[in-house]
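Chains as they are written, first to last, in my numbering: chain A, 1 to 343; chain B, 1 to 585; chain C, 1 to 291; chain D, 1 to 343; chain E, 1 to 324.
Be a bit skeptical, because a hint or two may be false.
As the list claims (entries may be wrong) - Quick list of in silico lysine-lysine cross-link-like pairs, DSSO-like style, CA-CA up to 27 Å:
1) D:Lys89 to A:Lys258
2) D:Lys127 to D:Lys89
3) E:Lys242 to D:Lys266
4) E:Lys267 to C:Lys173
5) E:Lys78 to E:Lys12
6) C:Lys194 to E:Lys127
7) D:Lys89 to D:Lys124
8) E:Lys266 to D:Lys266
9) D:Lys204 to E:Lys78
10) C:Lys12 to A:Lys130
11) C:Lys173 to E:Lys85
12) A:Lys130 to C:Lys194
13) D:Lys300 to D:Lys266
14) E:Lys266 to E:Lys242
15) D:Lys263 to E:Lys241
16) B:Lys506 to B:Lys555
17) C:Lys4 to E:Lys137
18) A:Lys258 to D:Lys300
19) D:Lys81 to D:Lys124
20) A:Lys239 to A:Lys258
21) E:Lys86 to C:Lys173
Keep in mind the hints are simulated off the structure, nothing from the lab.
From a predicted model like this one, the values you see are computed outputs, not experimental measurements.
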Amino acid sequence: MINYIIRRFLILPFILFGVTILVFSMIMMLGPYQRLSTYINDPAQLKGQDMDKLISKYGLDDPWYEQYSRWIGGVVHGDFGWSESAGQPVTEAIFSRFPATLELALFAVIPVVMGGIWLGVLSAVHHNQKFDHIIRIISTIGWSFPTFVFGLLVLMIFYGVLGWFPPGRLSADAAAIIRSAEFVRYTGLNVLDGILNLEINVVFDAFRHLIGPIVTLAIVWWSYILRITRSSMLETLRKDYIRTARAKGVAEKFVINKHARRNALIPVVTVAGPMVLGLLGGVVIVESVFGYRGIGQYAAQAAQQLDYSGILGVAMYFSFLLILINLIVDVSYAVIDPRIRLE
Amino acid sequence: QEEVNSPNTFTYVNIGDQSTLDPHFAYDTGSSEVIYQVYETLIGYDGESVKNFTPLLSTEVPSQENGLISEDGSDYTFLIREGVEFSNGNSLTAEDVKYSFLRGMISDRSGGPIWMLYEPLFGAGFAGLSDVTADVVGVEDPKQLTDEQAEKVLAVLEDKITVDGNRVTFHLESPYPPFLNILAQGASWGSILDKEWSIEQGAWDGTAADIVASHDPVKEEDPLFDKMMGTGPFVLTEWVNGDHVVFNRNNNYWRGPANFKTAIIRNVDEWSTRKLMLLRGDADMIYAPTQYRSQVEGEDGIVVTTGIPALQNMNMILNWDITTEGNSYIGSGKLDGEGIPSDFFADEDVRKAFSYAFNYEAFIEQVRMGEAIQLRGPIVDPLLGYDENSKVYSLNLEKAEEHFQKAFDGELWETGFTMDLVYNSGNDPRKTAADMLKSYIERINPKFNINVRGVQWSTYLDASVRGTLPASFGGWLADFPDPHNFVQPFLDSSGYYANRRGDTYKNWADEVGINDLIAEGISTTDSARREEIYKKLQKMSIDNAIDLWIDQPTKSNTRRTWVKGWYPNAVRPGVDFYSMDKVAE
Amino acid sequence: MEWKEILTRLIKNKLSLFGLIIILFFVLVAVFAPYLAPPRSPEDAYEIPRAGWQVEPQPPREGYLFGTAQGSYDIFYGMVWGTRTAFRIGVIVVGLSSLFGIIIGTLSAYYGGIIDEFFMRITDVFMSIPFLVAAMVLTTILGKGLDNVMIALVTFGWMGTARLMRSQVLEIKNEEFVQASIALGASDTRIIFKHIIANCIFPVLIQAFMRMGSMVITASALSFLGVGAPEGYADWGQMITFARDWILGGQGSALKYWYTVVIPGTAIMLFSLSWNLIGDAFRDILDPKLN
Amino acid sequence: MSKEALVEVKNLKTYFYTEEGVVKAVDGVDYEIYPGETLGIVGESGCGKSVTSLSIMRLVESPPGRIEAGEINFKGTDLTKLSEKEMRKIRGNDISMIFQEPMTSLNPVYTVGDQIIEAITLHKGVKRKEARRQAIEMLQKVGIPLPEQRVDEYPHQLSGGMRQRVMIAMALSCDPQLLIADEPTTALDVTIQAQILELMNSLKESYGMAIMMITHDLGVIAEVSDRVAVMYAGKVVEYTDVDTLFDDPKHPYTWGLMNSIPKLDKDVDRLEAIPGSVPSPLNFPEGCKFNTRCPLAKGKCYDVEPPLEDTDGGHMVRCWRYEHLEEIKKRGERIYEDRGVQK
Amino acid sequence: MAENLLEVNNLKKYFPVKAGIFKRTVAHVKAVDDISFAVEEGETLGLVGESGCGKSTTGRTILRLLEATAGEVLFEGKNVMELDKKEMRAIRRDMQIIFQDPYASLNPRMTVADIVGEPLDIHNLAKNKKERNEKVKEILENVGLGAEYMNRYPHEFSGGQRQRIGVARALAVDPKLIIADEPVSALDVSVQAQVVNLLQDLQKEYGLTYLFIAHDLSVVKHISDRVAVMYLGKLVELTDKKELFRNPMHPYTQSLLSAIPEADPKKKKDRIILEGDVPSPVDPPSGCRFHPRCPKAFEPCPVKEPEFKEYGDGHFAACHLLDQ
Ligand SMILES: Nc1ncnc2c1ncn2[C@@H]1O[C@H](COP(=O)(O)OP(=O)(O)OP(=O)(O)O)[C@@H](O)[C@H]1O
Ligand SMILES: Nc1ncnc2c1ncn2[C@@H]1O[C@H](COP(=O)(O)OP(=O)(O)OP(=O)(O)O)[C@@H](O)[C@H]1O
Ligand SMILES: [Mg+2]
Ligand SMILES: [Mg+2]
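Isolated chain A (complex conformation):
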């Protein structure tokens, strides 16, 4: 187990290297003139016809390996370069947005995982009954709909009509509290900081803003977790040890909750990685729709503006995150499965 984790750490540099090469090679498909648009996107700025000057200024006509090594040299020192689309160094851009996305992802994962697992278990327990069919159809529909359409509909209903959950991350008043000198930013997560600073208004306001994006993400990813939980649970319910538990006289409720669910969750844990991967993709759309300033929105922006250091940075940080998550997955895998823990 420990070995496995260490092994993963050793592989990590190769993967990171691979990611940088991959993303960099995509960027290098563009010519220097085209890459200049990374720096300039307003034609009015090009009056002096100084494109060539700019190109050599930014070193855009150097051979790729020089450009790459210049960049990678910075990376080694924690410097991912300057993000034109954010107007900040990439690392700063990402770290300033990271808490927002983390907050969103964390809060989204809770209903997704809880709801998805709960419904999945229920669906499996009621296998082939009406409940199962309905849940399956709803989940398939949830899966079959573009996220942004959902997002806009959620926005329309919960903000446009009901006025409950506004877009953005905080309203002006709450933002003012957060900016004030007395407010200490412990974590960057608004809800958490609000609690720590005993500012109930901030907590409330942050929640209001989170619900829309969360609901949107949840609708899509519920169905994913649900499906996996359901089939894993169905399989588990057919295992011999379930029969053993029943034969002991264990009540059905406990058979399901104690004996089956934990085992059924083991394979579910393994999809946490892919789910987070997808969730991060979903975040790109949801954050754009809700004007929620996080890494997703930044990624969308950076990609559209061909901000290659930005994209590279997001990709790098996303892969850091994923590798971290996979580590956590491996550990939690061990925690629920003693067969691995005791290896």
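Based on the hints, put chains B, C, D and E with the ligands in the right spot on chain A.
Just chains B, C, D and E with the ligands, lined up with the frame of chain A:
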């Protein structure tokens, strides 16, 4: 009756972002809009006007009448207002003013706005510090200056702006009529900085030795990139690029404090979100593109002001000299029906035929939803030289056919042609304009084929610079409200857009005297003569169908009814928070 | 299990029958597109004709059965020809990426060792960037256009299949029938094609079915992010993106522009739903544990 | 026999309603188990042995399974009529069960101790600490060395034989009156099988419970049972005490079964192989269900199902022509023809 | 005495156990650890032992389905271990294998005709499709399956029938040696006999040689001429079957024999019940591998490995007791 939401905060929801907060670096609307709230200029425009000025940090608007402009029109003197403080408490002095302009001219980043100071101060042909260094000490790149050379250069620069007590005088090379317009531009290059504070931040320290280090900064390493210290009504509180900018009121503002404590500019790209924010009252004012305006127009509590003139135009630049090498947009590259030759648009009849094959009326009515006026050449309403009765083209397929038949001595009509009309993806009006041309031209002769192609911005830019596009779209937003700012880029052989028409055009423009006319126009103080010149240039543009002149869009403003005190101005970027208030009906 | 039997059982299952009927319907629409919505000229078939130059969508009316979308694009035409696009995206992207996945997964698992390590690390690398983000970047760089969208989706879409295939092959390659074949002296190619791939293909197929719909959705997400099909190209994703700024209605009526979202939305949903239902049923049929 | 039966199964029918049709897994089974005895149930795979035992435990998966008819009288109460709750009190307490696969019958995520303790606390109402003590005692009794240590181990840390011992410990932890052992040794090696069988025999003596031993191995049957029921296609075809059965099998199927296995002490040139295979429970043949494979089948055998008849002194046989078999046996002939290479 | 068709000398097969960060080999599963035996032409050699003792590994290593760690396998005097790919392909016609699991050993996606025809295709034994089908039909009939089954898939057959298909596939190349790896263990008793009879008949008919692997001594005894007993990767005893049952020399063989439950209730025999489980082949006990479970173990057993040698006419065994 509705209550005002958050009466102490004004929220303006816009799209896009800011690229820098340094007034000498900024050259985009997003940045200027922010800078405008914090920095002030010597003079400004008077309300909605783009011609009349009002004194700001100088106590009077210079004119020949009040003697602050010299007889020959080349010296401009400003009397600096006393008792004005920067928001850090430092007093404003004439030295601050001189420092501000010198610092701007020294930093002069490549592709930046400072050419607007060099051209009047040093004359035509001077567009930046490098031109001065080349001229004075023969060094092309200011970064290569030795200390000694730098001293010389600084001396030349300092000669141009002199201080005498509270008087600051600019010594122009020759008369330059739009000079006051340049200084009055609401933000950016004309802003007055606090010298002491700026030097503390690490900006140019006032010495010649620091020129090399301060010239052409990398944006993010520019010391004033993310800090501001002005005399204006607001103080920057927080800038989160691409998301929001927060201002707090400057309580010591010399004209008295603003009406609300906080002003916020939020950047939200999604229209639906902006719209909902306005409808919910969480936004006081939003950017509403014309096409979606009908969605909010007429809603309770919302007002829309339309028809605000904008010094902006859109045309289709016809390439007289298409680069054929590696060009995939012109088919075979020959006049054989399968493509177009390099000089396709050098033929006047082709240009005219194109000009007659565009439905200007439908474009303005349907795409612009009536909020535009047809262009009559590069110069827009209400600048000098604009004549609303001048000749324009209109959709006329017979005329178009006639010209097509004449083109290339009738050969074109026989062989037909195939070409690509390219626009940058995502720009719907351009796509529609291209679709329109295609649909009419293909109707004229079945041998005419136009493919409308959308490419991404970077490709578009690259191709238009390399000259491979047969026709490309141009759009210009004025730097200052003077016809020169339109004719120069559009018609002058050295202009930005002339470059896209290739050498054929450049030579032609020189031959027919366009360049001379432009040069005369900018160095003449006589208004009547100027008008004559610009009218002539307008006429030449139309008569020769240099480009396909499409339209001048107007702007609109969408806000809650509780917003009072808003007024439009065609030149100023963004809105003037200081003038506004929030009051329930 | 034979194809015939699978089909019979797909038809017997109500849900998958529904899916099959919908898919069949779409197939018919795609096949008869030139008759349902005659194009002005065959080369421009995928260019949605415009009813005018108006920006605001207009409701269904004579000649424009489903109304017109933003920019006066004919929704009916876009939907009909978009069906072909949907199949093209689905079939080409899913087909090619599955093919890559199958090849890489099979080689990895079958030969193991350094080859496996190499391919799997590459897979890890490709999987380290969220699919949507990666596809977005590549499309942005290659430029707008359906072909580029498809290239991007294929480039970043094969890893799931590769991993699935690898685990399948690892399982199958130790099966006794494979050993038997080796004992008979069969060549690697024969073993890989006749025994291994033939037995791993169904889970991959199920996965492919599930992805058919999701690829169309991803393509529409790319359209939404502004890097999808070019403006005016007959593509459902584009059609629904046209609705983006009109979804919330206007002037007091939230449903004013319902047709811009409901029609393409329903099509995308039905398309994806159908493939999912078939895939689900397929899995149930092939998984004896669940029967 | 004079003693009162502990379990009396009467005309038990358990059907599965599947997509392909009705699977008549158990189709009218009768037998009794008396206190303290071991009833062996033998039969080929799929003949309904497990389903019978699961029916007694009321653990038949439903849907698709259902007890269609019959009674299962346990100490006078009909188990088929009990509520699920009442049934749970009986499971693991009065009737316990152990299964064929020791590898999969224990829940992998709980320690073996936990799983035994669960059974004890469930039925004996003792505290966890006491339950743990008892669990260790039980492990000791089933011959697991170092029980204090093993109690905290996970199933995967134990060998197959050990796991089966744990299963037995768990089954016996509440002093059941009946232990149903569903092929408890099939998955084990001969040497381990011998250990387990010996253990079961010794435990049976010390606990005095009845055992229902399900197996397809006639050797095991001979070793442990007092009486035997031979099942074929969902029905008992022969039912008598173990000595009689091996001495004088009356059903042609039993006969075939006995002669198809090679004996260690007797050399035969050829085995008697029953031709064909068990008919699918989806469509049993008309008449006697063995008629597809029976060399004696004639006339009536194809039309009417024979009853389970008492031939003499409690030797029950379900065959129209068992007397015929007697004659063949007397003549010392083989009744099953050769099925080797066909030319 | 007939020629040795197959001779196995000092065969070893170790599986590496990889662990640690770099997946280095930290130990070996000594699945087969230095065994030698010979199979004469036309005879059946039974190989018995408990689960995991290395029987299947032996069989597969002989066929080079697994590469041996050491040792040689002489088939008709040729060392199979040294053959190149092409020669190996050729020799595969002479050596075939039948597997234990009738469900796993047939490709579920191939028809019976394709399964049985596969060896014909591989070795080009049929000129065309028609001839191939003729041959397949003939082989199927030989194993007791009608031609009507040809186009069906394996799942449509019962276990016994499947095993016949497996046999047919092995027979198709006309082999000399068949390694039968527990061919009847997974079958029901009544069907077991069918397959055992079939194998016996085929042997007579085609003069086949069998290496018959099983864990069930009674079946082995029934079908074999000689029997080898394996324990934890080693042979412990090898002799004629009658001799083995009359006079088992090795304590393991003795306890194995006594552990088998007999289908005769009257015969209550005295059991030697072995303690404990089979130890792990990764780290086998020192000396005699059986010593921790051996009821008769004495001083030399834990320290010295007994030699596998002949004690009287063709009766091999490895036990220190025998040397006393
Ligand atoms: N859940 C189920 N659904 C459908 N059919 C079932 C189910 N469980 C058992 N059966 C069928 O019932 C019949 C009897 O099964 P059972 O498990 O009792 O056989 P068995 O005698 O225990 O066989 P084995 O020796 O293989 O354990 C079989 O044909 C089986 O296919
Ligand atoms: N591919 C392999 N990798 C690692 N270990 C293996 C491999 N194959 C077999 N083994 C190990 O080698 C030992 C011998 O296995 P083998 O399959 O030969 O036993 P067997 O006697 O045939 O047992 P069974 O009766 O269960 O079939 C076992 O401990 C097994 O775990
Ligand atoms: Mg059973
Ligand atoms: Mg084996």
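Of the numbered hints stated previously, which ones are contradicted by the structure, given in increasing order? Per hint list: 4, 9, 12, 13, 16 and 18 violated.
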